[in-house]
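Those sequence lines, one after another, are chains A and B. Per the numbering used here, the very first residue in the first sequence carries number 1; after that it's consecutive. Per the numbering used here, the very first residue in the second sequence carries number 1; after that it's consecutive.
Hints in this document: simulated from the structure, not taken from any laboratory. Some hints here could point you the wrong way.
Lysine to aspartate or glutamate pairs mimicking DMTMM-like chemistry, simulated, CA-CA at most 25 Å apart [stated by the list, open to error]:
| # | chain 1 | residue 1 | chain 2 | residue 2 |
| --- | --- | --- | --- | --- |
| 1 | B | Lys42 | B | Glu8 |
| 2 | A | Lys110 | B | Asp61 |
| 3 | B | Lys42 | A | Asp56 |
| 4 | A | Lys110 | A | Asp78 |
| 5 | B | Lys42 | B | Asp77 |
| 6 | A | Lys110 | B | Glu53 |
| 7 | A | Lys110 | A | Asp170 |
| 8 | A | Lys110 | B | Glu74 |
| 9 | A | Lys110 | A | Asp177 |
| 10 | B | Lys42 | B | Glu84 |
| 11 | B | Lys42 | B | Glu53 |
| 12 | A | Lys110 | A | Asp56 |
| 13 | B | Lys42 | A | Asp170 |
To give an idea of the interface, some chain A residues facing chain B are shown, with a C-beta separation under 8 Å as derived from the structure [to be verified]:
| # | residue |
| --- | --- |
| 14 | Arg59 |
| 15 | Ala62 |
| 16 | Gln104 |
| 17 | Arg117 |
| 18 | Gly174 |
Virtual Cβ for every residue (Gly too), placed ideally from N, Cα, C.
Each chain, letter by letter, is given below.
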Amino acid sequence: MAPRIGVVVFPGSNCELDAVEAIEDLGGDAELLWHGDADLHQVDAVVLPGGFAHGDYLRPGAIARFSPVMEGVRALADAGGPVVGICNGFQVLAEAGLVPGALQKNRGLKFLCTTTRLRVETTSSALTAEAIVGDVLRIPINHFEGNYTCDPATLAMLRSEDRVVVRYLDNPNGSVDDIAGVCNEGRNVVGLMPHPERACHPLVGSTDGAVLLRSLLVSAGAKV
Amino acid sequence: MLFSVLVETRLRPGIADPQGATIERSLPALGFEGISGVRVGKAFRFVVEAADEDTARSHADEVTQRFLINPVIEDADVSLSVAETV
């Protein structure tokens, strides 16, 4: 049976259909989950997609973290289920405290919409289990507040526990230590600013995101 | 009783402030000299109804810590006064 991946829709999400399409192209069974429903309908994994949940008012993710669906997401994460936050989804995970650190305005104060090169730093995460350490992936970013920051103690912990999942080769936004994505202690919750779902078809210029979403499907399948 | 609350937030020391840095860099071109240490924050004003000042302060502190700031990157000062009745 194909793993069932829930893709959460907040008011203002705008990458949920890209995520659904990419997941289904890879053989997964994607299902949209409305943010107002705390019930995850027994999905095996959850994607928090990109966009501007609740208009990004106050701070990106600050209001979305209180949406009812986040109770279900937290329960799934606590049970070891794969949870991936992409772009705005990463901001929601950080605000919710499900991954460490915070995302602030890009260095240079520019909205960035470009293709970045990412280096896979660990294969011990729900998003990189099928990748190879050192793989360089071409994956787009599309954000204004993707400048990852955390205190020095947290950074030291992330490094010593091998929890930086992907790094930028050409740091576009000022993120500390070139960090593009991190995971939680259990390695089942991953947040990243780049959009793997937008790099899963030759027509869009790169298929390098497929290995990441395929990893998610494998992690979700392992849980079944 | 009604209490007027002012919450001022700013980035914690050591957290880069791209907006503040950009403003500071633009000052000399505009003829403003001798200004440094620019940090950009936010201010929230609201009214709390509570039996007494301590209760109002604890409500204001809680909403500030749980919602108005991200404690990973921001600090806040909360000030409170009895609201003038209209």
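Results for each hint:
Taking the CA atoms of Lys42 (chain B) and Glu8 (chain B), the gap is about 6 Å. The hint holds against a cut of 25 Å. With a CA separation close to 33 Å, the supplied pair Lys110 (chain A) and Asp61 (chain B) exceeds the 25 Å bound. Restraint check for Lys42 (chain B) and Asp56 (chain A): the C-alpha separation of about 15 Å stays at or below 25 Å, so the hint holds. The hinted pair formed by Lys110 (chain A) and Asp78 (chain A) fails the criterion: a straight-line CA distance of about 36 Å is larger than 25 Å.
Annotation: proposed proximity of Lys42 (chain B) to Asp77 (chain B) holds, straight-line Cα distance about 11 Å (limit 25 Å). With a CA separation close to 43 Å, the supplied pair Lys110 (chain A) and Glu53 (chain B) exceeds the 25 Å bound. As the CA atoms of Lys110 (chain A) and Asp170 (chain A) are separated by approximately 16 Å, the hinted pair is consistent with the 25 Å bound. For the hint pairing Lys110 (chain A) with Glu74 (chain B), the CA-to-CA distance comes to about 21 Å; that is within 25 Å, so the pair holds.
Of the supplied pair hints, the one linking Lys110 (chain A) and Asp177 (chain A) holds, its CA atoms being roughly 20 Å apart against a limit of 25 Å. Under the criterion of a C-alpha separation no larger than 25 Å, the hint pairing Lys42 (chain B) with Glu84 (chain B) is consistent with the structure, at around 24 Å. A hinted pair counts as satisfied when its Cα atoms are at most 25 Å apart, and Lys42 (chain B) with Glu53 (chain B) qualifies at roughly 24 Å. As the CA atoms of Lys110 (chain A) and Asp56 (chain A) are separated by approximately 16 Å, the hinted pair is consistent with the 25 Å bound.
With a C-alpha separation of about 31 Å, the suggested pair Lys42 (chain B) and Asp170 (chain A) falls outside the 25 Å cut-off, and the hint is violated. Hint status for Arg59 (chain A) relative to chain B: holds, with the closest Cβ pair at about 6 Å, below 8 Å. Residue-level restraint check for Ala62 (chain A) holds (minimum Cβ-Cβ distance to chain B is 7 Å; threshold 8 Å). A cut of 8 Å between beta carbons decides the hint on Gln104 (chain A): the least distance to chain B is about 6 Å, and the hint holds.
For Arg117 (chain A), the interface hint is violated, the least distance from its beta-carbon to any beta-carbon of chain B being 23 Å, above 8 Å. Using the Cβ-Cβ criterion of 8 Å, the hint placing Gly174 (chain A) at the interface with chain B is satisfied: the shortest such distance is roughly 7 Å.
Of the numbered hints listed earlier, those contradicted by the structure are 2, 4, 6, 13 and 17.
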